[in-house]
Amino acid sequence: MADDKTPPAANNPYTQTHVVVAGDTLSKIAQKYYGDPALYTKIFQANRDVLSDPNKISPGQKLRIP
Amino acid sequence: MKKQSAWLLASLAALIMVGCAGQKEPAEKALASAQSALANIHDTAQKYAPDQLQAVETQLAGVKDSLAKGDYKGVLAAAPALGTAISGLKDTADAKQKDTEAAASQAKDAWGPLSTDTPNMVAAIQSRVDILSKSHHLPAGVTKDGLAAAKSGLDAMKAGWTDASNAAASGDFTTAVGKAQAIKAQAADIMKSLGMSAS
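Taken in order, these protein sequences are the chains called A and B. In case it helps, our numbering puts the first sequence at residues 1 to 66. In case it helps, our numbering puts the second sequence at residues 67 to 265.
Derived by calculation from the structure, the hints in this document are not laboratory data. Some clues are possibly wrong.
[As the list claims (entries may be wrong)] Cut-off 25 Å, straight-line C-alpha distance, at most; resulting in silico cross-link-like pairs (DMTMM-like, lysine to aspartate or glutamate):
#1 Lys156/B x Asp196/B
#2 Lys90/B x Glu123/B
#3 Lys156/B x Asp49/A
#4 Lys62/A x Asp36/A
#5 Lys62/A x Asp196/B
#6 Lys32/A x Asp255/B
#7 Lys56/A x Asp24/A
#8 Lys258/B x Asp36/A
#9 Lys200/B x Asp36/A
#10 Lys28/A x Asp196/B
#11 Lys139/B x Asp24/A
#12 Lys210/B x Asp36/A
#13 Lys32/A x Asp175/B
#14 Lys62/A x Asp221/B
#15 Lys258/B x Asp160/B
#16 Lys156/B x Asp109/B
#17 Lys162/B x Asp183/B
#18 Lys113/B x Asp160/B
#19 Lys130/B x Asp117/B
#20 Lys32/A x Asp196/B
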């Protein structure tokens, strides 16, 4: 069983996903899923394999929402 | 006349004794055969059809009692029914054993996907709970009570998962699958309450 601080594995099929649409920012996505835009870093860290800059996301990208 | 009657009675008694003695061996053989047949299936019957076994053992005890009393005719008369009862017991025990083994095999197959799905669900919930616990405001549709329930649910699911894993490790896949399915259902409810449905 996962440790309390262990993020879900990248291949965890039960990790929620979000498909980026025009106008999305990581802060907006964090607001939607966490109620707090300041937690955008959680999404950025979980998607480092597809994101190099938290300010650069593209419509159609599928992001993991830990 | 008296002498004749006495002779007749003595002859009848002798005939009866010879007749009874003639039935003794078949009666003992019939009982021994029944005891042997029951001994052969006893353990299986004890495990899969204990109530029916008890009934047959009562029936057998009655036949043994008849033999002990010298009622060989009674033993021979009861032997076919006893044989049928033992045969029926064997059929029942065999069928239940087969069903149980089939169910265990199915449970073992079901355990494979459950053993990966369940921890993944719990890990996903744990991650979300950790993050939401740091949030200054909860997202729409998620309540403080829901988050608190998710936290306590995680503890229960982890404990249940330990039990399920231990059951699987000991070969009891039926118990393991039952527990894992309960955890999975609870996890699905918690995920829903945290808004973790696919978007």
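Comparing the hints with the structure gives:
{"no.": "1", "hint": "Lys156/B x Asp196/B", "result": "violated (57 Å)"}
{"no.": "2", "hint": "Lys90/B x Glu123/B", "result": "holds (22 Å)"}
{"no.": "3", "hint": "Lys156/B x Asp49/A", "result": "violated (63 Å)"}
{"no.": "4", "hint": "Lys62/A x Asp36/A", "result": "holds (20 Å)"}
{"no.": "5", "hint": "Lys62/A x Asp196/B", "result": "holds (22 Å)"}
{"no.": "6", "hint": "Lys32/A x Asp255/B", "result": "holds (20 Å)"}
{"no.": "7", "hint": "Lys56/A x Asp24/A", "result": "holds (10 Å)"}
{"no.": "8", "hint": "Lys258/B x Asp36/A", "result": "holds (19 Å)"}
{"no.": "9", "hint": "Lys200/B x Asp36/A", "result": "holds (9 Å)"}
{"no.": "10", "hint": "Lys28/A x Asp196/B", "result": "holds (19 Å)"}
{"no.": "11", "hint": "Lys139/B x Asp24/A", "result": "violated (95 Å)"}
{"no.": "12", "hint": "Lys210/B x Asp36/A", "result": "holds (14 Å)"}
{"no.": "13", "hint": "Lys32/A x Asp175/B", "result": "violated (39 Å)"}
{"no.": "14", "hint": "Lys62/A x Asp221/B", "result": "violated (31 Å)"}
{"no.": "15", "hint": "Lys258/B x Asp160/B", "result": "violated (45 Å)"}
{"no.": "16", "hint": "Lys156/B x Asp109/B", "result": "holds (11 Å)"}
{"no.": "17", "hint": "Lys162/B x Asp183/B", "result": "violated (31 Å)"}
{"no.": "18", "hint": "Lys113/B x Asp160/B", "result": "holds (10 Å)"}
{"no.": "19", "hint": "Lys130/B x Asp117/B", "result": "holds (20 Å)"}
{"no.": "20", "hint": "Lys32/A x Asp196/B", "result": "holds (16 Å)"}
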